[in-house]
Amino acid sequence: MTGWWSKSWPVMAWYATVAVGLIFTIAPFMWAVAGSFKDNPQIFSEVSPFSLMAFVPGTDPSAYFAIFQNNFGRAVANTVFVSVISLAAGIIVNSLAGFAFARFAFPGDRILFAFVLLTFAVPPEAIAIPLFSMMRQIGWFDSFWALIIPGIANGLVIFLYRQFFAGIPKELIEAARVDGLSWWHIYWTICMPLAKPVTIGAGLLLFVFQWESFLWPLIAAPSPELHLIQVALARFATEFSVIWNQQFAASTIAGVLPLIFIFLFQRQFVSALTGVDLK
Amino acid sequence: MRSDKHVPYLFLAPALLGLVLFRLYPIFLALWESLFVTGFGPAGGRSFVGLENFQFLFEDFVFWRSVKATAILTIIINPVQIALALGLALLLQRKSRNIRLIRSLFLLPIGVALPIATVIWGLMLNPNQGLINGMLDVIGVSPQPFLTSEAQAIWAIVLIATWKGVAFWMLFLLAGLEDIPKSLYEAIRVDGANWFGRLRYVTMPLLRRTLLFVLVADTAANFVLIVPMIILTQGGPRQTTNVLMYEAYRSGFIFQDFGRSMAIVTLLTAITLAVIALQVLVLGDRRGQDK
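Protein chains in written order, with this note's numbering: chain P, 2 to 280; chain V, 1012 to 1302.
Because the hints were derived from the structure by calculation, they are not lab data. No residue lacks a Cβ here, since even glycine has one placed at the ideal position from N, Cα and C. Each hint can be trusted.
Keeping only pairs whose Cα atoms sit at most 35 Å apart, straight-line, the calculated DSBU-like set for lysine-lysine is: (1) P:K171 - V:K1016; (2) V:K1106 - P:K197; (3) P:K197 - V:K1016; (4) V:K1193 - V:K1106; (5) P:K197 - V:K1193.
To list a few chain P residues with every Cβ distance to chain V over 12 Å, as calculated: (6) K8; (7) G59; (8) F69.
Working from the sequences, and respecting the hints, build out all of it.
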């Protein structure tokens, strides 16, 4: 009996710790999603006195209708627009640069690549305020230009493509050159199709960065017609701070799309974001 | 192949132009504009004042309180996040039947935007009707003020940022753990080392570089933590969460004093670089020692 215990207590302790960690991680999601389908008196009544029903979804979708009557649809549409354009432009611009770093030796290549690496060490928040000042000077303040253009060039995405393109066999490229293909053709018809796994990870990264951006759209495009989804959510949280079910509904909508994509392409996303390959 | 010479530059041009204009130039712009004061209103002109913005800052107790809030947050949040990330990595390193699913669930907050995490946790921590106080009540703990309390607000911010961020840092540590050769563990096991011995003499020394990277990157990220302050505390109560990043935001976008805002951004960048340099100097590889 004691032998069994001394052997299995680490396993039980492991499961117990994992369970506590998972509850802490997941409870906020469950409470928010469950509450988005309830009316506010029900949300409050299940919290005090506390009942596990707080984590069971209700059946009332009215909070969702209410937020869309409050212009949330506009924010969703804006965010889809901005994220998709950023994704498309970001893939092309950064993969071109990655291709140049991977396939050419040219004067200044090392120092330029070092510069690219340094740019993703700079947190975007740290330059948001001067960048805002720059947008005012060039007249992009409060426009879609300000929301989209500054985020397109991305050092991390350049790096990901460079690593991939550097691994394509030299012979393949040289054969294509001998056949008379232009560099553009080699890039577009040979290398980009091979780079599909990188494109999935990097595209998801660009999409999610835009979808989840907050400080930049808050200061660079304050007009309500230009609000992106996170800014609209924050507005709900401050303007309608007592209407909890609408905050839950807005949070759910703002969170669900990236979560679905990330869940489907978890491996590509994690390896693009961190360089870690989950097994 | 002479005609190829311009090709790499053409391929690079759009991306490099973007990085120079929107990543590099703003750093210098902050430095430059910190030397000006802006007049009120959109038409307000600016005038060159040299280092006056900095001088005013150093004489301003609000600024020093903000420095203090930043220091407190930095000292609390980074060790907490790294210790938890390491603990989680050690926990999830174990091979278990459902480990892939368990890892995926722990990674969920990485996919959630910080504003969402902030809004939901703001309601969780609501002093009157929040879920946490409801649960505390079950185990007989009286309701806590959380974000509305001078003593607890900074901890509530740490909680929100940690819930959102810890899995991300854990990933690097988990990868570092999986790179450690299993043979080292077997060797020290033969020597009779227990779990703590293995942690002390194998895991920690070999994880050192990864830990340093995570410490530096996490510190830099937390210096610009601002979303929970914008949405929930506005720097309060009594400026206890008014960190430098928020003070810079507030100076510019609430008080329209962009010179001051840029001066704070410049100082914050300098402080960040100094702290990171210190971390690397103190904790970085000292060849010939330790091993």
